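**Student:** One-letter residues, chain by chain:
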Amino acid sequence: MIQDKAQWLEEASKKIKVPKELIEKAFKDELDGNPSIDAPLEIPDIMDITYKYTYGGISRFFREIRDNKQLYGTKCTKCGKVWLPPRINCNECYTPTQWVKLGSTAGIVTYTIVYYGTSVFFGKTPYVCAFVKVAGADTLIMQNIFMEDVKKARIGMKLTIQFKEHRNGDMGDFWFVPAQEEL
Amino acid sequence: MNKVGIVGVGTTSFKARWLEKTYYELAYDAAKLALEDAGIDKKEVGGVVYGIYNEFFERQFMPDVYIHNYIGMGLKPSVRVATGGATGGAAVFVGWTWIASGLYDIVMVLGVEKATDNYNYTVGHPTPETLKAILFSGDMTFENPMGLTAAASYALPLIAHINKYGTPTEKQMAMVSIKNHKNAMNNPIAQSPKLLTVDDVLNSKMITYPFKFYDNCLYSEGASAIILASEKAAKALSDNPAWITGVGLSLDKAFAGERDDITVFTSSLYAGRDAYKMSGIKNPRKELDFAELHDAFTGAEILSYEAFNFCKPGDGGKLIEDGVVEMTGDLPVSPSGGLIGCGHAVGATGVMQTGEAALQVQGRAEKRQVKNARVGLVQSIGGPATAWTAAMIVERQDKIKGKVVKGSRAKAKAKVKAKAARRKR
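Chains as they are written, first to last, in my numbering: chain V, 1 to 183; chain B, 184 to 608.
None of these hints come from the bench; they were simulated from the model. Every value quoted in this text rests on a predicted model; they were computed, and no experiment measured them. Any given hint might turn out to be false.
If you only want the chain B side, here are some residues facing chain V, beta carbon under 10 Å, derived [as the list claims (entries may be wrong)]:
(1) P328
(2) S336
(3) C494
(4) P496
(5) K554
Ideal Cβ placement from N, Cα and C applies to all residues, glycine included.
Please take these sequences and the hints and turn them into a complete structure.
**Tutor:** Right under this line is the structure:
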């Protein structure tokens, strides 16, 4: 039996970064019931790690978005294929690529509507998750399409780029919305 | 290459939660069942291949090392395979190479997963946290932040396919759900045995368009082990071993936006082609007696019919409509109930399916036995947008010797002759 429930909840909350009330609800049986000595015993736990992650060779991609509101791809110096997401080496030619400016429009190549997402997306469902082709790129990039009525999403829909006001240098800095003519 | 037999099968129940067992306790149960089934002692095992997918599920990196210790295999060769949803199948593939190469005579392949120790305190349920754990497998820079989910990963190629061919329809997908939940009623280890109607499926909650609740497989916890043996060992241990006569493994571009054609499960196409070639299968629709496919989502099963050449691209939906893939049809798919009916204990799933195929060709599948099952296909899919596929062909002992006939005698004789000729080459 847990000796001091308040103390146990305090420590559990600190450990897994979850409010005490929610932990209390999840562990009601262990806290208030009288489980036998052989009953399965569950514990609150968490796996957590922080990073100072480097974007390496594609750093410029995120700086251009963050500092200049400009989308860039990379073009193979041999075959000319334009990569987005960018890569500093072409995996077909094994040759370096160079940075090229891309357009601000795109089209949906395939999509789905997510009604049930991970805990990170609580409050954001339903959302459209799509592969889009950005003007000037030869490959597709995964995007969320922000739109009032997600059911209006369709293959071939024309899109236009929008940038976040305060940009952090990650994929959340920009997104696509249906182009004016689609509305 | 040496012949590879299956001489032991052991699978725990697939359940939503195994509260009373840890992952290594479940692994022990499956190992014990498989060893008993093979009639061997653990001392006779040359090495173990582990199939365990997700570190965040198990709350443990390198979980295989603790299992190896727990099941008393210390100092024997061991390696862990982790290829997303295809983990179980890829573990069988690796185990197969250990025998085929002549390195070992007896190898255990052991898959285990415990997905629902994850828990989201806000909703009081594991799923959002389990999804989050899976999503660390999406590219962390470009795809994870876009809210890609396992279901979305399958829906993206599927919707492109529907746009191109008009199929599969939502009704055809519902029929796959009904079939697999129903097949599971004959499987004592299954998590979701159920009788459903088309309306039940169509009216269930939308999860990820076009998948409704009943179009999805469920997270399971469980373990499954098989004992692989060289020809010499297999014949010494069993009068009726199953044989893995063909294997294939393919990993497509994980950034699916780089693929030439997103409407095709190309890794299944390639893995299937290699497995068919190795076992000499030219017309899978006629030569296969059953298949255990990776029905993580109903539409995925239908696209897999096409990738494995059961029919032309775009015609997969017709196979379920015409009843071909039902238990009563001539190519039953997932007699076990598959991932939708039996469950998806990720690392264990492909091992369970291979074990099921062995039970089928050995005539030991009890209530879910396919009549005269001689040749079966196993598919294990994993990774972003079905990037990975492991495929195995499992055959019956007397099919190999050419004793069992299906259809006309002349046809069977020709098949046997062709097989013998192939073996000479």
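**Student:** So, for every hint listed, does it hold in this structure?
**Tutor:** Here is how each hint holds up against the structure:
no., hint, in the structure
1, P328, "holds, 4 Å"
2, S336, "holds, 9 Å"
3, C494, "violated, 22 Å"
4, P496, "violated, 16 Å"
5, K554, "violated, 39 Å"
The structure fails hints 3, 4, 5 (numbered hints given earlier, in ascending order).
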